[in-house]
Amino acid sequence: MVLFLHLLTFVASIAMVAATVPVENGHLLWSRKVAAYDIGEGNEIIHSNGHFYISDERCNVHVLDQNDNEVAKLDGDETTSCSSPMAFSLDSSFFIQTQHFLDSETPFS
Amino acid sequence: MCSRVVAYDATDLVQLYNTTIPGLVEGAPVISGDYTFVVSNTIMSNNIIVAEFRIVRNTNGYVLFTETALDDVAYAPIGVSRSPTRGNYDRGGGNTNDMLVWGEKYYLNRGVEDADGVKWFNGKIHFFQLPTDFDPEANNTNLGSRSGNEIGKVTLSAPLLPSHGQGAILSFQAGQVRGWSKGHYFGKSPT
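Protein sequence lines, in the order shown, are assigned to chains Z and W. Take the numbering used here: the final residue in the first sequence is number 216, and no numbers are missing along the way. Take the numbering used here: the final residue in the second sequence is number 172, and no numbers are missing along the way.
Source of the hints: derived by calculation from the structure; they are not laboratory data. For clarity, every value in this text was computed on a predicted model and none was experimentally measured. Just so you know, not all the hints are guaranteed correct.
Said to hold, decoys possible - Straight-line distance between alpha carbons at most 16 angstroms, and here's what the computed EDC-like set of lysine to aspartate or glutamate pairs gives:
#1 Z:Lys180 x W:Asp116
#2 Z:Lys180 x Z:Asp163
#3 Z:Lys180 x Z:Glu164
#4 Z:Lys140 x Z:Asp175
#5 Z:Lys180 x W:Glu48
#6 Z:Lys140 x Z:Asp184
To be verified - Have a look at the derived ranges for each label pair, beta carbon to beta carbon:
#7 Z:Gln173 x W:Ser138: 48 to 56 angstroms
#8 W:Pro117 x Z:Gly157: 44 to 52 angstroms
#9 W:Ser64 x Z:Lys180: 50 to 58 angstroms
#10 Z:Val178 x W:Asp52: 42 to 50 angstroms
#11 Z:Asn174 x W:Ser26: 47 to 55 angstroms
#12 W:Asp95 x Z:Asp182: 47 to 55 angstroms
#13 W:Ser162 x Z:Asn156: 33 to 41 angstroms
#14 W:Asp71 x Z:Leu136: 47 to 55 angstroms
All C-beta atoms in this analysis are idealised placements derived from N, C-alpha and C, irrespective of residue type, glycine included.
Whole structure, please, built from the sequences with the hints as guidance.
Now the structure itself:
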């Protein structure tokens, strides 16, 4: 019985906290399908210059603003793959993307 | 496989340079002022790996320095400490250029299994700092990375360096984490 009362008090306190938390907190801000290709391991999302920079596995770069509008896009290449994080300069003026591709002239893989 | 290191203006996405690097670039390059540092691994036809460290000039994408590892190793991604208090190695005093540290990756030919079936590899860590008097137009014959002692461990990740640059923490295989504490130079085994 004592345990039940403790449990009841705990649940009530949780309900109280939940009721007083502003509804904005914890709610989904936005959701958007950005790329036709996977945004996989290594494709970290970078927030810089007030925008989100997202590279997918085919090296397309998608730039979104805070309201999920795609403000710019760089077209990648079907023959390349990108699986490393982009690197931004400290002043955020430029960034580097690492692309991998098969080189038919190289006698080894 | 080959890699391209492609730089874009972050505002208008105009391509600034496009530099081809043999092999696979490991992790994200490290941009440090006018230069970008890149490590890569090339698997040769005889399964020997050629690990290389390069310095790319950000003004034009020109590779101004290439260093090939002396041993048959594979490099792991680079970690960086920005503007450290000094270089964390003998005669590194007074050098506050960004401190780069990277480990070695495991790869099949170099792995050895111990009695418990745990694969290990006697890897090193490598570190680099641009000299205080670095001149990209000069010959720079004394430029080069340094290596620590064999530490019997390999990693897949870039190390985490504190802001003062006087240490590093690396994750290794078999769930191990090892670190260099302040006052312990990178040229020596971790505590």
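Verdict for Ser64 of chain W, Lys180 of chain Z (Cβ pair) under range 50 to 58 angstroms: The hinted range 50 to 58 angstroms is violated for Ser64 of chain W and Lys180 of chain Z, with Cβ atoms some 34 angstroms apart.
Cβ distance range 47 to 55 angstroms for Asp71 of chain W and Leu136 of chain Z, holds or violated: holds, 51 angstroms
Straight-line alpha-carbon gap Lys180 of chain Z to Asp163 of chain Z, limit 16 angstroms: Within the cut-off at roughly 11 angstroms; holds.
Pair hint Lys140 of chain Z and Asp175 of chain Z, alpha-carbon separation not exceeding 16 angstroms: holds, 10 angstroms
Straight-line alpha-carbon gap Lys180 of chain Z to Glu164 of chain Z, limit 16 angstroms: holds, 14 angstroms
42 to 50 angstroms as the expected CB spacing between Asp52 of chain W and Val178 of chain Z, which holds or is violated: holds, 47 angstroms
Whether the CB-CB distance between Gln173 of chain Z and Ser138 of chain W falls inside 48 to 56 angstroms: Hint violated: Cβ distance 30 angstroms, outside 48 to 56 angstroms.
16 angstroms limit on alpha-carbon distance, applied to hinted pair Lys180 of chain Z and Asp116 of chain W: violated, 37 angstroms
C-beta pair Pro117 of chain W, Gly157 of chain Z: status relative to the range 44 to 52 angstroms that was hinted: Distance hint for Pro117 of chain W, Gly157 of chain Z is violated at roughly 33 angstroms.
Pairwise beta carbon distance, Ser162 of chain W to Asn156 of chain Z, judged against the given window 33 to 41 angstroms: 37 angstroms Cβ-Cβ, so the 33 to 41 angstroms window holds.
Restraint check for Lys180 of chain Z with Glu48 of chain W, where alpha carbons must lie at most 16 angstroms apart: violated, 35 angstroms
CB-CB spacing for Asp182 of chain Z and Asp95 of chain W relative to the 47 to 55 angstroms hint: Between Asp95 of chain W and Asp182 of chain Z, where Cβ atoms are some 49 angstroms apart, the hint holds.
Violation of the numbered hints given earlier is confined to hints 1, 5, 6, 7, 8, 9; the remaining hints are satisfied by the structure.
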